[in-house]
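Given next are the chains, with one letter for each unit.
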Amino acid sequence: MSEFKEFATKWGLVVDLDKCTGCGACMISCQVENNIAPVVEASNKLRSLNWMWIFEMTNGKAFPENDAAFLPRPCMQCGKPPCVSVCPVVATDKNEEGGIVSQIYPRCIGCRYCVGACPYHARYFNWFDPIWPEGMEKAITPHASTRPRGVVEKCTLCHHRWNYAKEKARQEGKDPSALPENAYVPACVEACPTGAMYFGDLKNPKHKVHELAKSPNAFRLLEKLGTNPQVYYVSAREWVRKQGDNQLPAKEKA
Amino acid sequence: MGVDRRAVIGLIAGGAVGTMFTPAIWKTTGSIALWSQNWGWIPRIPKGERKYAYTTSKLCPSGSGLKVLTVDGLPLTAAGNPAHPLSQGGVSALGLSECYLLYSPARVKKPLLKTGAQFKEISWDEALGLLADKLKAAGGKAAAISGDQNGTANEVISALLAKLGCADKFFLMPSEGQAAGRAWQLMGGHGLIGYDLANADTVLALGADLFESSGATMLNARSYSAQRSSLDKPAAKLVYVGSQRTTTAYASSKWVPCLPGREAAVALGLAALLIKGGASSDAPDFADFKAFVSAGYTPDKVEALTGIKAEVLEKLAKKLTEAKKPLVVAGSEFGQGAPGAAYMAALAVNILLKRINVPGGVYATPEFPKVVDGALSRTQMASADLVKYLSSVAAGKTPAPELLITYDANPAFGLPQAPAMAKALAGAGFKAAFASFMDETAAQADLVLPASLPMERYDDVVSPYGAPFAVYSLVKPLLKKPVHDTKAACDVILAAAAKAGLALGADSFEKLLKTKVAAVAKSGGFIAGKDASPSAALAGKDVAAFSGDPWKALMEGAAYVVASPVKQDGLTLGTKTLAAALKADGAKAEDGALALTCAYKTRSGSPAVGIPAQDLTAVRDTELAGTKTVATLNAATAKMFKLEAGESIKLTGPAGEISALVALSETVMTGVVAVPMGFGHTAFDDFSKNKGQNVLAVMTATEEPATGVNSWSGSKVKIAKI
Amino acid sequence: MEDRHSAKQTCGGGVLFAIMFIVGLAGALVAGWWGFPQLLYSQNSQPIRFSHKVHAEAGGMECKQCHTYAASGQYVGLPSTEACGECHADETGGKSDSDKEIDKLVKTYVQPNKPIPWLTYQFQPDNVFFSHSAHTGFECVSCHPDVAKMDNPPVYYQDRLSTYSKQTMRMPGCERCHAELGVNNACYVCHK
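Protein chains in written order, with this note's numbering: chain V, 4 to 257; chain W, 5 to 726; chain F, 133 to 324.
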């Protein structure tokens, strides 16, 4: 795997799985924010496309010993993104402060190497053109360009909101590179009713995520792969942490 | 010198070389590449100025404030308004859908009149004239069903019925607010009921899915969030009691499985243990109550009724006793159909714990003054039971109404024993439906009056059920004019009433709301804000009363709050009513029948809205597999009925049957089948139509003795492989 | 005979070939440099013949009066129709070309309150994010045509194939400046 830069700002998302109810508000707010067209067949999960997806987890025990949790999965914004290494046309890259993995639709040739490379299934290929019901295209947002059939897309941590936050900071005469906590928050985090998601700069001690990511209850998905994600999860339940790490039973988390 | 082959070759070669030194090829290639990035059939994004507008969600029952992004004056996305006390930045799937639903393919675009089996488009003048004629002709034989649970619209409609002489035929779609309100009245309580989760340190949810369908869901969720920093130990405990892992159960520190519809037994069992531990009350019927629960609700009897082990119940009672600010909230796992006894028993526990009108407890909130003469109060509205009325119509005991007005309601879909209820509705003489979408009720109406959606009209949200303070906020039109040829339903009702000689005292709903706001603003409340948090006010913080132009403030999305509770006198524990209501509680279930529970999620929409287009993606494949409803059982239950995952089954209730696919999950307790609610629409658009089946069809509505409340949360179904 | 004939043919053919080659070359160059742009770009004029000169000099208006920043920092480059209507609420009824143009504005846009479909010379496609507030250190005219002293708005050339404006800045232009100034050229800096 090629080497990637280390950034002074690392935007990070921390999800408290003990607070997540699996209600789906994050998914829906993401869809409308980022112009993902509604699909009539969305109840068929092979046809739907979501930047944010919610996995269901269970401890595998029978009722009443059973325990269950939901795990919202955006793009992990890996420190060493396997998708970037395989892109033949540099349509996806990790080269900006903040560490958000970019995806440029007009540049994408639709080879889908990245879809295969991503261990988190966070990348989606547009098998179909995005078609809104007649008239509903009036409600599409200025935040993200629409994607044609044949290209790959994924979560951007609502990068446009960072741009807006920087614009606002400049207008107010503040430093756009030192945004206060919550000046920039993705749509999913904003929409979460139970406040299960936290967002901020992982490297900024003034941001809550800085401390949360270091919590003994924190873990990252498939940590052993060495992808170094910028998305963290916390849970007080050990089985949740273990399953998220996906360690083999013998290889406990160090 | 003739032109020969060589000369032509020379010309072509020269041309070819020359072309290489011009931009033609490179430019064309580049332009083609750019052209291929912007297919004409893929919509372009707007480029205008981004602005925010503030209003209140009317589609979401929790009444949360909305912060709406607009570009070039068009609303694009809705998020929660951080300054609104019922939202605090949170928003449900229904609130999120308000912008794009304006353009839903299911919208009714023009007034429609049924001629034969078909609808014919008519003009608004004709529609208005027809409605006025029908009002005049109906006299006292009209009825109305409203899907609005709290707005001033209900004052308008109930006042109209009062003018016609049939105010008793004004019904709300069944909701927890009504059943809880009725329970509170029967206990001698005054005011509306609300729960102060923000200040409680131990919350016991008895069936109530606090974050999805019960009460002020967004306020509940934000209160929950504020008590949990994810770094330190939670500042409050939340325990969920119910037959399945609901939205609330997933966020709870503990899920206590309990058979559906048996919340009252749990509460009374707790009450017995609390009394045993020394709890008492100065309620006049305390002695009777003590005798009633000590005899009938010992831990082992409760275990037999609910499936909760005696030691678990004892632990729960201990938790409540040890807590400084405990709170017990009863409800239904799917936001409707819980028996009145459940609310009464839970309120009795709160009384025993001395948790009425104290921070972190149950609050009785004042009603805002009415502004339409002859209108019913919220308390009065809570006592009319729609299911009871329609059952009586279906049985031929009550004559069907000659004129039936439905307002933002879809009773043909959203009531228990749906097929029977739809039949009773069909018997009405003339059906006028105010509907924004072509729903099941509109489809069978005689006259469909296209109603503007909340973002196209003035409306209000008045103290939704469960808010621990009285709260008033306005809904305002964000579009300059409605997307289609629709009108605000209340404007049409006011105009039709005036035309029929039944003038209701205002010629537009906007003016009426101005009167309402002026009346509301005299209640001595305040405008909620950063330094004026209603929860803090309940906890004892002084907040300066509001002075200023209330209409202006409310139009900017603010909420007017009265955080002083209604004093109670003569509150009882409701022993007599409870005893009568629960007489049949120990009866054995029919053999082979399985307890049925539902899971309701706001992402599957509501009866009057259908499944919002963008929400469909969030519907899980454990609820809907393609077009099939998924029924969930745990492995032990499946074994009892010899079922395996993926098999098709038939669920049969007294009024109908539905089919479903079996899924196995240990998130449902043994002996219970969980079926998702909100599917099985036969009307609306392709996003709602023919997706799954309507579980309400197999539910059984039972009238509870003594309370008169119809309940269906304890329904049983027969299950068979197909 | 046969040899001579063929030799002459060869010699004459070579000259003719060269001449025709040059003719072809010249023709292609003319077609490519002059004809092709005519073919590729359509020439459009603004919906209203707006004179910056009149407004700035005679009207004494500041650029900032119409070309403003919103509180969000978003640059709201073009004034709303309402803003035009503040001065041009009523028709002049005049006979001069300018008066007629003003009347056209009032009648077509101001009175029905319709947005004016101005053509933006620097029009960028949907996938570009550009923040004016990040570029305030530059003169407007380093990217935009200097219209301030123009009586007639310049012709707007539109690529018939790509529909993009000819005058707009292309990606290499953006990248060069970013590189020279040491500003990040990462994809998401400019794309959305």
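Keep in mind that the hints are not guaranteed to be accurate.
Unchecked claim - Calculated cross-link-like contacts (lysine-lysine; reagent style PhoX-like; alpha-carbon spacing at most 20 Å):
id, chain 1, residue 1, chain 2, residue 2
1, V, K64, W, K643
2, W, K319, W, K280
3, F, K246, V, K141
4, W, K427, V, K141
5, W, K485, F, K196
6, W, K319, V, K141
7, W, K401, V, K211
8, W, K392, W, K427
9, V, K141, W, K55
10, V, K141, W, K51
11, W, K55, V, K171
12, V, K48, W, K319
13, W, K484, F, K246
14, F, K246, W, K51
15, W, K392, V, K48
16, V, K64, W, K258
17, V, K141, W, K485
18, V, K171, F, K246
19, W, K51, V, K171
20, W, K55, F, K246
Claimed, not checked - Some residues of chain W that are not near chain V, with every Cβ distance over 10 Å (derived):
id, residue
21, K51
22, V362
23, A549
24, V672
Hints listed in this document are in silico derivations from the structure and should not be mistaken for laboratory results. In this text, a Cβ means the ideal position worked out from N, Cα and C, and glycines have one as well.
message = Hinted pair, alpha-carbon criterion (20 Å max): K392 of chain W, K48 of chain V. Please report holds or violated.
response = 40 Å, violated
inquiry  = Check the hint pairing K64 of chain V with K643 of chain W against an upper bound of 20 Å on the C-alpha distance.
reply    = Roughly 16 Å separates the two Cα atoms, so the pair holds.
ask   = Does K280 of chain W lie within 20 Å of K319 of chain W when you go C-alpha to C-alpha?
value = 14 Å, holds
query = Taking the minimum C-beta separation from V362 of chain W to chain V, is that value above 10 Å?
reply = 25 Å, holds
query = Are the Cα positions of K141 of chain V and K55 of chain W separated by 20 Å at most?
reply = Measuring from Cα to Cα gives roughly 16 Å; hence the hint holds.
query = Can we confirm that no CB of chain V comes within 10 Å of the CB of K51 of chain W?
reply = Non-interface label on K51 of chain W violated, nearest chain V Cβ at 6 Å vs cutoff 10 Å.
inquiry  = Next pair to validate is K171 of chain V with K246 of chain F; report whether the Cα-Cα distance is within 20 Å.
reply    = With Cα atoms ~29 Å apart, K171 of chain V and K246 of chain F exceed 20 Å; violated.
query = When you check the alpha-carbon spacing of K427 of chain W and K141 of chain V, does it fall within 20 Å?
reply = 39 Å, violated
key: Hint consistency between K55 of chain W and K246 of chain F [alpha-carbon to alpha-carbon, up to 20 Å]   = 19 Å, holds
ask   = Can the restraint linking K141 of chain V and K485 of chain W be considered satisfied, given a maximum Cα separation of 20 Å?
value = Between K141 of chain V and K485 of chain W the Cα gap is close to 14 Å, so the pair holds against 20 Å.
ask   = Is it the case that V672 of chain W keeps its Cβ farther than 10 Å from each residue Cβ in chain V?
value = 8 Å, violated
ask   = Is the straight-line distance between the alpha-carbon of K319 of chain W and that of K141 of chain V 20 Å or less?
value = 55 Å, violated
Consistency with the previously given hints fails for numbers 4, 5, 6, 7, 12, 15, 18, 21 and 24, ordered from lowest to highest.
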